[in-house]
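Quick mapping for you: the protein sequence lines, in order, are chains A and B. Under the working numbering, think of the first position of the first sequence as 1, with each following residue one higher. Under the working numbering, think of the first position of the second sequence as 285, with each following residue one higher.
These aren't lab readings, by the way, just hints derived from the structure by calculation. Be aware that a few hints might be false.
[As the list claims (entries may be wrong)] Derived pair list, reagent style DSBU-like, types lysine-lysine, alpha-carbon separation capped at 35 Å:
{"#": "1", "chain 1": "A", "residue 1": "Lys60", "chain 2": "B", "residue 2": "Lys407"}
{"#": "2", "chain 1": "B", "residue 1": "Lys388", "chain 2": "B", "residue 2": "Lys340"}
{"#": "3", "chain 1": "B", "residue 1": "Lys407", "chain 2": "A", "residue 2": "Lys28"}
{"#": "4", "chain 1": "B", "residue 1": "Lys727", "chain 2": "A", "residue 2": "Lys265"}
{"#": "5", "chain 1": "B", "residue 1": "Lys779", "chain 2": "B", "residue 2": "Lys877"}
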Amino acid sequence: MIPATFGYTRASTIDDAVAALASSDDAKVLGGGQSLLPVLRLRLNAPELVVDCSGIDEIKSIDGSGDRVVIGSGATHHAVMNDPAVTSSVPLLAQATATVADPQIRHRGTVGGALAHADPRADQPPVALALDAEFTIAGPGGRRTVPAAEFFVGPFETAVGEDELLVSASFPKYDGWGSHYEKFNRTAQAWSIVGVGAAVRMDSGSIAEARIGLANVGGTPMRASATEQALVGASSMAEIEAACAQAADGLEPFADEDADVEFRKHLVRVLTKRAVARAAGISS
Amino acid sequence: MTETVETSTPLGRPIKRKEDAKLLHGRTNWTDNIQLPGTLHMAILRSPFAHANITKLDVSGALQQPNVVAAYGADELGDLNGSVPCVWPVTDDIVMPDFPSLAKGKVRHVGDCVAVVLATDAKHAADALEAIDVEYEPLDAIVDMEAALAPDSPALHEEAGTNKCYVYNLGGGYDDAKAKADVVVKRRFINQRLIPAFMEPRSVVAAPMGMSDEITVWSSTQIPHILRVLIALVTGIPENNLRIVAPDVGGGFGGKLQIYREEILVTQIARKLGRPVKWTESRSEDMVATHHGRDQIQDIEIAATKDGTLLGLKVDLIANMGAYLQIITPGTPLLGMFMYPAIYKMDAYDFQCTGVFTSTTPTDAYRGAGRPEATYAIERIIDELAAELDMDPMALRQRNWITHEEFPYTTVAGLTYDTGNYEAATAKALDLFGMDELRAEQKQRRESGDPVQLGIGISTFTEMCGLAPSRTLGALKYVAGGWEHATIRMLPTGKVELITGTSPHGQGHETAWSQIAASILGIGVEDIEVVHGDTGRAPYGMDTYGSRSLAVGGQAIKKAADNLIEKATVIAAHQLECSPGDLEFADGQFSVKGDPEKAQPLAAVAFEAFTAHNLPDGVEPTLQGEATVDPEDFSFPHGTHLAAMEVDTDTGRVTVRKYVAVDDVGVQVNPMIVEGQVHGGLAQGIAQALYEGAFYDEDGLPLNANLSTYLIPAAPDLPSFITDRTETPSTTHPLGTKGVGEAGTIASTPAIINGIVDALRPLGVTDVAMPATPMTVWKTIQAAKGGQA
Ligand SMILES: Cc1cc2nc3c(=O)[nH]c(=O)nc-3n(C[C@H](O)[C@H](O)[C@H](O)COP(=O)(O)OP(=O)(O)OC[C@H]3O[C@@H](n4cnc5c(N)ncnc54)[C@H](O)[C@@H]3O)c2cc1C
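Just chain A, same shape as in the assembly (with noise of 0.2 Å):
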């Protein structure tokens, strides 16, 4: 279909970006466009200014010079997947990041817009929370930095308010440790039906510490706390599998046609067990 009538900007740096936001009621940052389109395509959504932020350089570096890996929110799906601070340092990320769509939309769509949308099937945001990045708001009242755990606020809601532009989100560090995504979908390029993102810190062959995140099983990403905490010290599959059993309680997932509350839970469960044994590399 074809949109409903928007204005539009382009923004060359962050502060045009925001001041751009703070001249309208109604404006919406355009990142690589991949979500915000089909919503207003679709007549979803009918923004009064769309904001193109994707001509915006210092938004699109990928920096793991300081002790954590900072991305910018500009930087395509396809960068950061190939980024070499990232493929050693955040692999969770990179591997999550792989399996998102297809490759043309990988090098249009960004990681900040993927966040900042919050869609609650997106790969990336459970891995983000899982691992505590950290996200750079930029606002009329200048910068402030969010936790993971206070970001995602609800389905397709963060903690980034409408004047507000997502600058970046930095990593901690994971140099050492064994990751894994597991996504559950139907077809190649289908959404999660449930997605699992594992980091685990092995020991002598049993599992130190683990962080796991859930997508697509509630509104917003969830992380397997409890779960994490019953890995500690497992070194088989068996002690693996009894672990990951208790990976969807508490849950509340909806049901849709791809998956009851049964079923995704029991997805939670098996997916949970296999994420976690190929990130630590054991298989029996």
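Based on the hints, put chain B with the ligand in the right spot on chain A.
Chain B with the ligand alone, transformed into the frame defined by chain A:
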């Protein structure tokens, strides 16, 4: 007669498609690319309800919007609000409700057309829809087919007083066969609703042509010729004043074998306003307003002796018509009626089909049209019978199929199959598949309790295609013929125009038709221009559907080329001062037998025919051959498809590990094009088994009418197909060809599901619903386990 000498011709060669360079370079002429000065763009207000009275409709608000020129509801359009015709009244007492282009007082499915806006650009037309004042009084949706047939169900078409459209019966004698049977297996299969989902959405442009009375309609259609007749009948525009053009058309799969309300509206409004009018659908519209396919409840029962000899078959269908009858809605399930007995010999066959109206998008032909449903049910129940008899499913098939010595063979359904060789196709398929190793692995996985189980699915299918002998169509009450036309015109410069009545939309006719003609005329494939899809340039034709284009249109091309050579022979003999019988024709050249120095190329004959300076008495100038051919019979491609399916019992995920398709489509004009048709067909058939299904909730609202939830597989979801062919020429088709467009789709669906059931049978599973999504498979396993406990 001239003798034709064996030469190496382009026929049968895998030459690259002529049409591809244009497609790849983006030089395609899609209907939506047509830009005529002064065009008005149409937008359609569609019903958000499955079933509702329209209690208020006021389009005047739209007229106040910028760039809007006109807006109409049914009242404003009046007599121009033509009704969509159905050309296949399958029984004398069929209920055929009125199907107005714009709903009159009541909407009957989500997507039903309520009003239209015409504006000078598409965006403002879409915007102005919001200014239409419409109110609905929702009525009970009619979704479940069996409930719709219950006497107490509200009727979707009140004046009919029932949702039953028709009941059709064929055959008899099953009860006697059953009485003699040792084993009877009965199943209910649901052949779910599918959406054609062609790549190019529908688009139509209609324009009154300046000073003449002609109205030209460009439409993304498979059937420009049939459309011309029907638009003339619906609108009253004299047929001679109507020109229909199907420019480049991006796929159809039966979904564009239709006359759509949007085509009627665009034509009528262009005529009323005296301006070009264009409408191009969005994907969201396409998913609810393009006709859907399949959607049948199939009760099937098979009777056999304990040694596995089939005695009889009984089929009882409920077929969903949707809200209205479109062009061949009622006949579509009946195209499968002849195919339930498939390749098997048996003595008795009872068939019944009940058509039912529901408040859903109308159904109609979709790749295979009736035949995939039939093939699915018979190939599934054969496997179930094999399990019941504890027989190998291939052995059961072999025991009952028509052997190659038995052709021509008249089946219990009354069709006469001209040729076939099921043994040869099966032997080749088994060879490529590695059945023994796979069975060994299956056994090992079963014994070790592997969470990933392996299953083997078989489909030894046949189909009837190449629609169709006109008399047969008449006997089935289809109100058109099944012939095809070709004209081959030699131009003075030696180039050739090949005018075909078929209307390709992706198949590669331009290449294949050139190969046929070039091989007869002895000229280059590149010297032939295939003219199609335009009633102004190719006036006669019955278009493209039902794998008919080569099977029927190919015959017409051969005959037209033969006719052309016959005339050229007379002219050449005159030029070379001999009698026609002294000439032979090879490699595009006439030469005198025994005196090869005395020769004249066909191009030179064409030039002589053009100047007409020296033609024999009584021979008319110009050189062309024409033929209109009515096929002697359907053609019956067949094949053996084998699928190795992995089922992850922990998640229900199913993977096609290996797929072998050995098809027999008779003589292949271009094996590469055949290969492409097989691959695409397999993808579509596998999609029905695993991915696709259009569903409604109880209020009749579509649950997945978009491409992010109506899942179409892409290359990563499918295995690398292993394909091969056996070549048993058709004896009723002069080129020996059959048809290949639908074969893969028809064959593959049951192979996949049979494979899944085979994998899970030790767990107590005897059926899996389509599409076999992970949840469906997992729940089926859980239920079977529960049943065992
Ligand atoms: C066919 C298809 C399949 C897909 N499959 C998947 C999948 O499997 N998994 C998955 O995770 N995702 C999937 N996606 C979504 C994809 O990842 C998008 O690229 C992503 O969600 C949005 O990124 P974007 O840069 O395109 O954002 P846009 O579409 O430009 O914006 C999305 C939203 O975020 C806001 N936004 C964007 N950037 C910023 C910013 N810097 N600050 C504040 N707000 C901002 C916009 O205002 C808008 O509301 C799919 C998309 C498509 C079209």
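Okay, the hints, checked on the actual structure:
no.: 1; hint: Lys60/A to Lys407/B; verdict: holds (34 Å)
no.: 2; hint: Lys388/B to Lys340/B; verdict: holds (11 Å)
no.: 3; hint: Lys407/B to Lys28/A; verdict: holds (21 Å)
no.: 4; hint: Lys727/B to Lys265/A; verdict: holds (31 Å)
no.: 5; hint: Lys779/B to Lys877/B; verdict: holds (26 Å)
In this structure, every one of the numbered hints holds.
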